[in-house]
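Using the hints provided, position chain B relative to the given structure of chain A.
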Amino acid sequence: MADDSGIDPRYAAQFQRGYDPAVHPPAAPTEATPVAPGPARLAGGPQRTAERVPPPPRLGEPVPTPAPPPAPTPEAAAPTDDEAPLGLRRLRFDLVLLVGGAVLVAVALVLWWGHASDQANFYGGPVDATTLYLQTLRYQLAQPLFLSGVLAVVAGVVVQAIRRMP
Amino acid sequence: MRARVIALGAAAVVFVALGLTASAIATHAFSGGWDGPTSVLEEDLIAWQQERAIYLLLNDAAGPLITAGLYCLVGAVLVLAIAHLLRERAQRASASATAS
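Just so you know, the protein sequences line up as chains A and B, in that order. Residue numbers for the first sequence follow my numbering, beginning at 1 and rising by one. Residue numbers for the second sequence follow my numbering, beginning at 1001 and rising by one.
This is chain A alone, in the form it adopts within the complex (with noise of 0.2 Å):
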């Protein structure tokens, strides 16, 4: 459809490669574009317009609103329950359970050391009642003492990866 320049009759040539305004004439438009209406003087002058309302009369003073309180800032907030437990807020807890399950186990290790390591336990009971509870109670620590620590330093690391988490 295309003639020998290139340029397609049945579109305009403006927006087509190998156009020259020389040689082919701007398309004309194909329906006619309806002139705008512009402002016309009416006959017999200015039409009359509406009086101007007054405003309403104003029924009572506006009351000021209150000025918005400044939002808080993260150190200045006032310490609520769930952000100052007990007044520990600098104290680092996922340390606090990792070293303190470590010593829990190895209290625990030493009891269980000493008690395997007393020979009262073999070659004859002690005689004092103090002597015996105090056996008693290393035998029974030892193990509530292991697995509480064990306990606390799993809660520890587990803590500390969520902290690291991004």
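Careful: at least some of the hints might be erroneous.
[Stated by the list, open to error] Selected chain B positions facing chain A (in silico; Cβ < 10 Å):
| # | residue |
| --- | --- |
| 1 | Ala1017 |
| 2 | Val1077 |
| 3 | Leu1085 |
[What the hints assert, rightly or not] Calculated from the model, a selection of chain A residues having no Cβ within reach of chain B, i.e. all distances over 10 Å:
| # | residue |
| --- | --- |
| 4 | Ala22 |
| 5 | Asp94 |
| 6 | His115 |
Just so you know, the hints here were simulated from the structure itself, not pulled from any lab data. Here the structure is a predicted model, which is why all the values come from computation and not from measurement. Glycine residues also receive a C-beta, built at the ideal position from the N, C-alpha and C atoms.
Leaving out everything else, chain B in the frame of chain A:
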């Protein structure tokens, strides 16, 4: 959260105290503070068996009670650690929101 921490701490103290007390009572009983049956009558033997069962129960419950107390203590510290972690994250988020 603070109430839970206090409750866990109080439970830890109570459990450990109960465990130590049970251990002390059982040790005192089995180390001579508790005699054998007073007679061979059936009611005396039954009473002695019941008393023995109580002492055995106290002796066996001492360790688990102390364990429960220490677990409560670890739980209280864990709650504090998680609260501290959440507070740190909230402060970091507010600081980044303020900077951006």
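Comparing the hints with the structure gives:
no., hint, verdict
1, Ala1017, "violated, 13 Å"
2, Val1077, "holds, 6 Å"
3, Leu1085, "holds, 5 Å"
4, Ala22, "holds, 58 Å"
5, Asp94, "violated, 5 Å"
6, His115, "holds, 13 Å"
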